[in-house]
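Top to bottom, those sequences are chains C and F.
Numbering follows the working numbering, with no gaps: position 45 of the first sequence is 45.
Offset between the second sequence (1-based) and the working numbering: plus 1000.
Don't read these hints as lab results, they were simulated from the structure.
Idealized CB from N, CA, C, for every residue including glycine.
Check before you lean on any hint, since a few could be wrong.
If you want the footprint, here are the derived chain F segments under chain C, 3+ residues with CB under 8 Å [claimed, not checked]:
1) 1051–1062
2) 1097–1109
3) 1265–1279
Okay, here's what each chain looks like letter by letter:
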Amino acid sequence: MGKTHLKMTVNGKDVELMAEPRQLLIHVLREELNLTGAHVGCESSHCGACTVDMNGMSVKSCTVFAAQAQHAEITTIEGLGSPDGLHALQEMFKEHHGLQCGYCTPGMITRAHRLLQENSNPSEEEVRFGISGNLCRCTGYQNIVKAILAAAAKMNEMKESA
Amino acid sequence: MIASAFEYHKPDTVDGVISLLSKWGDDARVVAGGHSLIPVMKQRMTDISHLIDLGGISELKGVSIDGDTITIGAMTTQHELATDEALAEAAPLIREASLQIADPQVRYMGTIGGNVANGDPANDMPGLMQTLDATYHLTGPAGKREVKARDFYEAAYFTAREDEEILTAISFAKPSGGFAYEKQKRKIGDYATAAAGVMITIVGGTCTAASVALTNLSDTPVYCGAAVDALVGSSLDDTTIKVAVAAAVDASDPVADTRGPVDFKKYVAGVIVKKAITSALARA
Chain C
1 MGKTHLKMTV NGKDVELMAE PRQLLIHVLR EELNLTGAHV GCESSHCGAC TVDMNGMSVK
61 SCTVFAAQAQ HAEITTIEGL GSPDGLHALQ EMFKEHHGLQ CGYCTPGMIT RAHRLLQENS
121 NPSEEEVRFG ISGNLCRCTG YQNIVKAILA AAAKMNEMKE SA
Chain F
1001 MIASAFEYHK PDTVDGVISL LSKWGDDARV VAGGHSLIPV MKQRMTDISH LIDLGGISEL
1061 KGVSIDGDTI TIGAMTTQHE LATDEALAEA APLIREASLQ IADPQVRYMG TIGGNVANGD
1121 PANDMPGLMQ TLDATYHLTG PAGKREVKAR DFYEAAYFTA REDEEILTAI SFAKPSGGFA
1181 YEKQKRKIGD YATAAAGVMI TIVGGTCTAA SVALTNLSDT PVYCGAAVDA LVGSSLDDTT
1241 IKVAVAAAVD ASDPVADTRG PVDFKKYVAG VIVKKAITSA LARA
């Protein structure tokens, strides 16, 4: 029951590593690949702080075994924007005070990103339903919803002018 | 929370799964979406030395609508069920229920096969499959067989599936008439305090066919034959609905837990069944 040779594409880069099948994807990302953006919150697939994008799906990476991520295409918050080139979602979270402590934010934004890929013009209700797997204990969600709606508008504007 | 060590297998055919199950017996378990099994493995409440991932088997995926029969592969996810337009057209009850399961992230991973085969009385699809009178398709070392959903559940986590069998698909006749899946839960992601699936067909003001089933109100899903008997043949007047609701509550057998004491659950069951009948009626 040794280690397995894993190949994945993470934030556009091909990576290879040895991992035990039982290691969780969140630990592989944080501890083997030093991508500490996605957080460990409840460790029980409730809070969504560990949300990453895997093969076009938002997943709670505390509930995916490393072995299941073989050949997967993964995007974490680090793959969405950078400190000097924020993603529209990151910019709007900043603008609209969509965070206080920030612990849920990487998962929230990664989830919101997938939601907007599937529905580029969501209603407020669709945003709330779409982020219902991500808990925030600070904001009361109001500003998170505002930020996501503003990011949707901005992303659509950017698409039109492109 | 890290699971005990296991060996990971990902066969690409059903036969491959069966031969691994036959070889490793009790030490092996299949995993579909993993959102029931992985948390239990992380808490080390189960001992699995061989994990067989069904995620690589294409024949277990997808929805087919063939005339009056709808067949759904076991590895079809809740997200796929909720977003399949042809399925929403043919059996809108499925989308209505799947969108009430867990949360978006869990629905991307969670499958209909895992949901029905696990035998957890809190899962929603087993109750819905009672409503639809679905058939489960199993494959094992002795070949294929079919079991009706209404005969499948024996007790919590005990089902008619043998250890060396897997559930490959579910099928049901294209439903007609009004439908509803109503679920009372404390929050998104929670299991039901009470949930009910109802179908009603009306011809010329008379109810000609009906189906009523409950989720998480006993140690198995409950098909409410007495409630159905009350509805069929009636004009679905208020008195009849009251009798049917009482019959459904009577068929429930909840246990007290963090969702409330028995009396409360039975009360909620009554509210939910009434709501489901009323909204199925409005759509019939």
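Comparing the hints with the structure gives:
1. 1051–1062: Three-residue rule met by the stretch 1051–1062 of chain F, so holds; n is 3.
2. 1097–1109: holds (count 7)
3. 1265–1279: violated (count 0)
Hint check: a violation occurs at hint 3 only; the rest are consistent with the structure.
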